[in-house]
Structures are given as C-alpha cells and as structure tokens.
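With the sequences and hints as input, model every part of the structure.
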Amino acid sequence: MRYSGFKVIKEALTGHKGWTPAWRDPEPKKHYDIIIIGGGGHGLATAYYLAKIFGRANVAVLEKGWIGGGNVGRNTTIIRSNYLLDGNEPFYEFSMKLWENLEQDFNYNAMVSQRGVLNLCHTDAQRDAMRRRGNAMRLNGVDAELLDREQVRQMAPFLNFDNARFPIKGGLLQPRGGTVRHDAVAWGYARGADQRGVDIIQNCEVTGFKIENGKVLGVETTRGFIGANKIGCAVAGSSGKVMAQAGIHRLPIESHVLQAFVSEGLKPLLPGVITYGAGHFYVSQSDKGGLVFGGDIDGYNTYAQRGNLPVVEDVCEGGMSLMPMIGRARLLRIWGGIMDMSMDGSPIIDRTDIDGLYFNGGWCYGGFKATPASGWCFAHLLANDQPHSVATAYRFDRFRKGLMIDEKGMGAQPNLH
Amino acid sequence: MIINHPLLGPRDSQEFVYLGDASLIDRPDWQAEGAVDAFYEYLYQRENPAGLHQELWFHEQGDRSWLVVTRNTLTHEITKVELARDVARSRGRSK
Numbered sequence: 001m002r003y004s005g006f007k008v009i010k011e012a013l014t015g016h017k018g019w020t021p022a023w024r025d026p027e028p029k030k031h032y033d034i035i036i037i038g039g040g041g042h043g044l045a046t047a048y049y050l051a052k053i054f055g056r057a058n059v060a061v062l063e064k065g066w067i068g069g070g071n072v073g074r075n076t077t078i079i080r081s082n083y084l085l086d087g088n089e090p091f092y093e094f095s096m097k098l099w100e101n102l103e104q105d106f107n108y109n110a111m112v113s114q115r116g117v118l119n120l121c122h123t124d125a126q127r128d129a130m131r132r133r134g135n136a137m138r139l140n141g142v143d144a145e146l147l148d149r150e151q152v153r154q155m156a157p158f159l160n161f162d163n164a165r166f167p168i169k170g171g172l173l174q175p176r177g178g179t180v181r182h183d184a185v186a187w188g189y190a191r192g193a194d195q196r197g198v199d200i201i202q203n204c205e206v207t208g209f210k211i212e213n214g215k216v217l218g219v220e221t222t223r224g225f226i227g228a229n230k231i232g233c234a235v236a237g238s239s240g241k242v243m244a245q246a247g248i249h250r251l252p253i254e255s256h257v258l259q260a261f262v263s264e265g266l267k268p269l270l271p272g273v274i275t276y277g278a279g280h281f282y283v284s285q286s287d288k289g290g291l292v293f294g295g296d297i298d299g300y301n302t303y304a305q306r307g308n309l310p311v312v313e314d315v316c317e318g319g320m321s322l323m324p325m326i327g328r329a330r331l332l333r334i335w336g337g338i339m340d341m342s343m344d345g346s347p348i349i350d351r352t353d354i355d356g357l358y359f360n361g362g363w364c365y366g367g368f369k370a371t372p373a374s375g376w377c378f379a380h381l382l383a384n385d386q387p388h389s390v391a392t393a394y395r396f397d398r399f400r401k402g403l404m405i406d407e408k409g410m411g412a413q414p415n416l417h
Numbered sequence: 001m002i003i004n005h006p007l008l009g010p011r012d013s014q015e016f017v018y019l020g021d022a023s024l025i026d027r028p029d030w031q032a033e034g035a036v037d038a039f040y041e042y043l044y045q046r047e048n049p050a051g052l053h054q055e056l057w058f059h060e061q062g063d064r065s066w067l068v069v070t071r072n073t074l075t076h077e078i079t080k081v082e083l084a085r086d087v088a089r090s091r092g093r094s095k
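Just so you know, the sequences run in chain order C and V. One point on numbering: in this note's numbering, the residue at position 119 of the first sequence is 119, and numbering is uninterrupted. One point on numbering: in this note's numbering, the residue at position 3 of the second sequence is 3, and numbering is uninterrupted.
Quick caveat, the hints were computed from the structure, so don't treat them as lab data. Quick caveat, the model's predicted, so the values are computed rather than measured. From the three backbone atoms N, C-alpha and C, an ideal C-beta is built for every residue, glycine too. Misleading hints may appear alongside valid ones.
[Said to hold, decoys possible] FRET-style restraints, in silico, Cβ to Cβ:
| id | chain 1 | residue 1 | chain 2 | residue 2 | range |
| --- | --- | --- | --- | --- | --- |
| 1 | V | Pro10 | C | Pro271 | 42 to 50 Å |
| 2 | C | Phe225 | V | Ser23 | 31 to 39 Å |
| 3 | C | Gly224 | V | Ile78 | 34 to 42 Å |
| 4 | C | Leu309 | V | Arg85 | 27 to 35 Å |
| 5 | V | Asp29 | C | Arg153 | 52 to 60 Å |
| 6 | C | Glu220 | V | Ile2 | 34 to 42 Å |
| 7 | C | Arg400 | V | Pro10 | 39 to 47 Å |
| 8 | C | Phe158 | V | Gln61 | 27 to 35 Å |
| 9 | V | Ala38 | C | Asp353 | 15 to 23 Å |
Below is the structure:
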C-alpha cells in the first residue's frame with residue numbers, strides 16, 4: 001500500500017477500513033542469504049538498502065524485543081553533518097543527503113525538519129576552532145555559516161548573552177541540520193524493507209552463533225536455529241554481549257549510558273537545535289512542543305538503561321546557564337540509552353576475523369544522524385564485500401595502525417568522547 | 001552511586017573521576033618482545049563485561065588516591081573497593 005494524501009482522504013471517507021499492517025509478522029525461514037541482528041534504525045536501514053539498492057531480498061532482521069525499541073527510540077532526534085575530519089565528514093554528509101530525500105524514498109512521513117543546528121562559542125579561541133570546522137565543512141561541500149553575536153541574538157534572543165563567565169560570542173550554524181521523528185525512521189525503514197521481501201522477525205533473540213572452520217553458518221535464537229551465508233551485527237549498546245557469543249571478547253568499545261530529557265509541551269520557542277559551547281548541553285523543541293535536551297554520558301561502564309543524578313544536575317545546570325527561562329519548564333521524562341563508546345569516538349563498519357560475520361557499531365552517542373548512511377554503507381559491505389567509499393576509514397584495524405578518527409582529540413578514553 | 005573508600009568511608013561518586021577497566025594498571029613493558037601488540041591490546045581493546053567489572057576511579061576531590069572498584073555494570077551495585085596501590089603491589093609491582 002502506498003501512503004498519500006489521497007489515500008488519507010479516501011480512508012477518512014470510508015471509515016478507515018482499508019489500512020493494513022505496515023509490515024508482516026513472518027515465521028523465520030530455515031535459511032537466509034543475509035541476516036541482520038538488531039531491528040533498530042541501523043539494522044532496518046541496512047535491510048532496506050540491501051533490498052532496494054543492492055537487490056538482496058532474501059534477508060531477515062532479527063530483533064530481541066520490538067523494532068525501534070532501542071536507541072533509535074531513545075535519542076534526541078538531531079541530524080547534522082558538521083564534522084571536522086576527512087574520515088567523518090563525507091560520510092555524515094552522505095547521510096544528510098539521504099535524510100533530505102528519505103520520506104519520498106521510503107514513502108513514510110518521518111517529519112524530517114531542517115530547522116538548523118547552531119553551535120555556540122564563548123571565547124575567541126572557540127570561535128577560531130569553529131571557523132576552522134566551518135571551513136572544513138565547506139571544503140567538503142557542506143553548508144556552514146559563522147554567525148556573530150548579533151546574528152545569534154536575532155535567531156535566539158532568549159539566550160544568556162551576557163553571562164559573566166561564558167558570554168556568547170557567536171556560533172557556527174548548519175542550516176541544513178535539524179530534527180527527525182525518530183520512531184518513524186525505524187517504522188519507515190521497516191515498512192520499506194518488508195515491502196521488498198525482507199523478513200522482520202521480532203521477539204527473536206540471538207543466543208549463539210554456529211561457526212565452523214572460521215566461517216559463520218547461522219545463529220541460534222530463541223525461535224530456533226536460522227542459517228545464513230552472511231550475518232551483520234548492528235546492535236548498538238549490546239555489541240559486546242552479542243560479539244562475545246561469537247567468541248570475540250575484546251572490542252575497541254566500552255558501553256556507557258547517555259541520558260535524555262523532555263519537558264512539558266510549550267508553545268513554539270526554539271528556532272532549531274542549539275548547543276552550548278561552555279558546558280555539554282543541547283536542546284531542540286519537538287513538534288509536540290516539548291523541549292528535548294541532553295548532555296554528557298554518565299562516564300562509567302554500564303549496561304543499565306538508566307543514569308544517575310549527578311549528570312541530571314549537570315545537564316540542568318548547563319540548560320540554566322544557557323537559557324535561564326528553561327528553569328520555568330517542568331520536566332516530563334528522563335531516560336537512558338546504552339552507547340557503544342569507541343576508543344576514538346568514531347564508528348566501525350567492517351568485517352570481523354570470522355568469515356561471513358560483519359560488524360556495525362561504536363556509534364558513541366552520534367548514531368541517530370548516521371542511520372541512513374550507516375545502513376547504506378553496511379549494506380554495501382554485506383553485498384559487495386567492499387566498504388563504501390565514504391566509510392573506508394571505519395575499520396577495526398585503524399587502532400592498530402594509528403589511523404584514529406579522533407574528532408575531539410581525547411585519546412583512547414571513551415568516556416571523554 | 002556511593003563508593004565506600006577504604007580510608008575515608010562512604011563517598012559520593014561525584015567526588016571521583018572515572019578512568020576505565022582496571023587492566024590499565026598492567027602497563028606492558030615497552031622494551032619487551034611484541035610490545036607493539038601488547039600496547040595495542042592494552043590501550044584499545046576492552047572486555048566491556050555485562051556484570052562484574054573491575055575499574056579505576058580517582059578520588060580527585062578527596063585524598064587523590066586511585067581505587068579499584070568492583071561494580072556490577074547491570075545494576076551499578078558496588079561490591080568491593082580497594083586501593084589501586086594495594087592491587088598493583090599484590091600483582092608484584094614495586095610501587
């Protein structure tokens with residue numbers, strides 16, 4: 001079924017009796033060409049592009065719970081491509097271009113809204129760093145504008161410009177950045193993949209791998225053994241747990257929790273996404289009116305999908321320092337999601353040492369914006385056994401070879417990225 | 001989280017800075033055979049367990065001692081706290 005305005009009107013006039021489920025609920029087959037573990041944004045996008053671009057329809061997505069129940073439903077919905085380093089920027093810009101056509105492409109309303117992402121600076125040195133970043137973006141064909149203080153004031157007059165310690169000196173704006181309805185991304189990809197023949201199998205937890213002579217033959221699951229020629233693992237914060245089942249016990253990854261926050265619904269207030277340069281705080285407003293904001297990860301290894309109060313306090317202090325009026329809004333919800341924090345803050349899309357087993361992870365807390373490109377590039381790798389040209393840097397062996405992509409220059413300490 | 005400091009008693013985890021897996025105590029010998037591989041493993045590879053995890057915390061806003069904390073990464077429950085100095089000496093380090 002194709003969704004359209006006419007279809008909505010027709011259904012409205014005929015009692016909404018013509019809607020059908022957006023995807024099937026199939027029984028797993030005995031064998032697939034390709035199995036994707038993880039029915040989140042990245043896994044579903046991989047399946048979608050495998051079917052649509054690379055012509056592989058004999059594909060299954062295995063999901064432990066329900067699709068979109070992990071980090072694609074737990075993020076702050078921001079999309080942007082304002083990276084500095086050559087290993088990253090073309091990849092994230094590829095992702096941004098896919099976002100721009102996504103809704104037409106998969107015929108689903110994902111509410112992609114390019115309302116702009118504004119990073120504020122508070123010192124002259126920070127402005128220099130932003131000019132450098134903006135120039136790096138422009139060299140890669142990405143939009144970037146350096147704003148002075150008055151231009152920022154025109155966009156967001158409510159900010160705390162004259163804070164004695166951290167006055168706002170300007171900002172770097174990416175007008176094409178913005179927000180997307182995160183759940184709809186998972187649903188749209190799931191529906192698109194399903195329509196092209198992919199089996200989306202929910203409530204199917206992988207409990208082990210069948211590996212013989214260094215080649216993967218399939219997975220043991222809570223719904224029985226499923227064979228496959230190739231298996232792609234895209235399980236975000238659970239990478240360590242799933243890869244351990246394949247005998248890979250050490251990865252350049254630590255699991256950390258990132259908390260996110262939503263206020264009560266307010267009238268339209270924020271023009272776009274605003275990030276604070278003096279603390280770690282970023283905020284946008286959802287179409288429903290809630291202020292969606294977040295800050296740093298908690299900073300210690302954890303698999304618990306909840307954080308602790310010190311970071312809640314830190315995030316709220318950042319918010320109060322940046323836009324004091326936020327103190328009048330009441331908080332509705334706080335939640336935590338588990339992040340794959342890699343050793344250089346950049347992701348991994350690569351083969352593993354086991355033949356036929358492929359890995360997609362280490363997204364730190366920037367995985368949502370990467371969803372379309374991650375899916376496309378992972379599908380490319382699974383289908384062709386070659387990395388996509390914009391994802392060649394995301395290799396496992398970059399740590400061994402000293403080819404880190406360390407955007408923040410923090411070194412091998414994941415809780416600082 | 002409350003960390004039960006062996007010398008100072010229960011302290012709020014906010015007073016501490018987290019470094020990571022306690023295996024970081026065991027810095028490889030840079031002159032040994034295979035030091036390149038050993039440092040790659042030491043610096044970049046992690047077990048990242050779901051369950052009990054031994055990890056290094058630094059009491060920055062306290063007595064500035066390094067602690068080895070055994071904590072469950074599924075529940076945040078802390079079951080053991082030792083001075084990193086004692087752990088390192090028990091593994092044969094001189095200081």
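Hints violated by the structure (numbers, ascending): none
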